[in-house]
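Peer 1: Now for the letters of each chain:
There are 2 protein chains.
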Amino acid sequence: MSRLRFRISMSLDGFSAGAEQSRKDPLGIGGERLHEWVVSLAAWRAPHGLEGGEVNQSSRVLEEELANIGATIMGRNMFGGHPGPWSSSQPWKGWWGDNPPFHHPVFVLTHHPRPPLVLEGGTTFTFVTDGIAAALELARSSAGGRDIALAGGADIARQYLSAGLVDEMELHVAPILLGKGERLFDGVADLHGLRLVRTVAAPDVIHLKFRGS
Amino acid sequence: MSRLRFRISMSLDGFSAGAEQSRKDPLGIGGERLHEWVVSLAAWRAPHGLEGGEVNQSSRVLEEELANIGATIMGRNMFGGHPGPWSSSQPWKGWWGDNPPFHHPVFVLTHHPRPPLVLEGGTTFTFVTDGIAAALELARSSAGGRDIALAGGADIARQYLSAGLVDEMELHVAPILLGKGERLFDGVADLHGLRLVRTVAAPDVIHLKFRGS
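Chains A and B are the protein sequences, given in the same order.
Note that this note's numbering numbers the first sequence so that position 29 is 29, with each residue one more than the last.
Note that this note's numbering numbers the second sequence so that position 123 is 1123, with each residue one more than the last.
Looking at chain A on its own, in the form it has when it is part of the complex:
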C-alpha cells in the first residue's frame, strides 16, 4: 500500500519556518537558512530548471526522497495565494510556474472549494475541503501504488502526525538556531511509533529518517 512520507527541514531549536511568515516571505525571517543544504544540490536544481549544483552526502537522501512518489499532499499555505476564498479573476497557480516539478497529482488542503487546476507536465492540483483523511484517501487512490509525499507545511504535518497517519518521516536538521518561528512539533507529544532508522551526516545538515513499525 502507498505509504505517507513526510519530509521537512528543521532548525536545531525545532523551527520549520522563521517568524513573520507572509506571502512575500513564505519561509519567515531566516527561514531560507533551513533550505540552504537543498538548494545547493544538483539533484534539487535540475528538476527546478536550474543548472549546476553540488553532489554530496545529501544527494542520495534527496534522490531517495523524490523516488517512488505517486502523489503529494500539501497545505493551503504551502500552495500559497492570499488567504481566504480563491480569486476567480486572477487565480493563484502555486509558486512553481506552468510546469511544476511534481509531475503527479497534488492535493491541497483548504477550507475554500475550487475546481482542480491542470498544469503542464502531469501536475494537477486538486483542492480538498473535507480534511486530512479525505485528502489521504484521494491521494492513495491516485498514486498508482506508489507512495505519497506529505510536503507540509508544519500545520498540516502536525495534523497527520497527531493522527498517527505518517508512515515515514525524514527530518533535515540544519545545525543552526532560528530563535523564533513556527515550531514543527508544537502540540505533538507522540511520534506514534515512528522510530529512527537511519542517520546521514552532511557538513551542513543531518538527515534523520523515522519509520513506523
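One or more hints might be untrue.
[What the hints assert, rightly or not] Stretch-level coverage of chain B by chain A, calculated; a stretch enters the list once three of its residues show a Cβ under 8 Å from a Cβ in chain A:
1. 1012-1021
2. 1183-1194
[As the list claims (entries may be wrong)] Here are the simulated distance ranges between beta carbons:
3. Pro203/A <-> Leu1066/B: 22 to 30 Å
4. Asp98/A <-> Ser1213/B: 41 to 49 Å
5. Pro203/A <-> Pro1101/B: 28 to 36 Å
Just so you know, these hints were derived from the structure itself, not from any lab.
In this text the structure is predicted, and so the values were computed from the model without any measurement.
All C-beta atoms in this analysis are idealised placements derived from N, C-alpha and C, irrespective of residue type, glycine included.
Take the given structure of chain A and dock chain B to it, following the hints.
Peer 2: Quick look at chain B alone, frame taken from chain A:
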C-alpha cells in the same frame, strides 16, 4: 588555554528536561528518556560504580567527553538541594555520595554563599555567587591547563551560550518527543560561531559536536 565544553541531552523537540522538575523528579516528566543512551553504556556505569553495560558507537563519544577535563561548572539546580539559602545543620552534598565521579574541582553557581565542600577522590565543590564569568575564571585557574566541562543545567548553559563563552558543544539528540519541559535554547538565538564539526549516529541517539572558530 582551557576550553569550555558544554554537553547535554536534548529531545527532538528541543527539551533538555521534562515538565514539572522537582527535587524528587529532577529530570521532569519523561526526562529520564533523554539519558537512556548513556546509562546503558559501560563507559558511564564504571565511573558510577555500576557493573556491566554496552559498548557501541556512543562509547567513544562519552570517553571523548570525559577525557581531558580539569574542572566542572554546574548550576545550583544540577547540584541539587532545597532552593534558597543552604541549610547548615544538614548540608546537601550533591547527588553523588561521598566519592563523586568528578575527581576534580567543581564550581557551583548559586545566589547563596557557602564554604567549599571537600569530598573524597579529589572532588571539591566551590560555591560561586558572583556570576558565570567569575566561575569560568576560577575554573580556568584550577583546571591545570585541561578543559572545563559545563555540566548544565539548561539555564546556566543558556547564560554561557548567550555570552559567547562556550568553545565546544556536544548535543546528544534523543529521537523522541517530550512535548513539554525545559527548552534548551529558549531565548538563545545565536550559536556565536559554534559550527557542526562531527556527527555520530548511534541507534538510539545522535551526537552532534559543535566547535567555535
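Peer 1: Are the hints correct? Go through all of them and say.
Peer 2: Comparing the hints with the structure gives:
| no. | hint | in the structure |
| --- | --- | --- |
| 1 | 1012-1021 | holds (count 3) |
| 2 | 1183-1194 | holds (count 8) |
| 3 | Pro203/A <-> Leu1066/B: 22 to 30 Å | holds (27 Å) |
| 4 | Asp98/A <-> Ser1213/B: 41 to 49 Å | holds (45 Å) |
| 5 | Pro203/A <-> Pro1101/B: 28 to 36 Å | holds (35 Å) |
Checked against the numbered hints given earlier, this structure breaks none of them.
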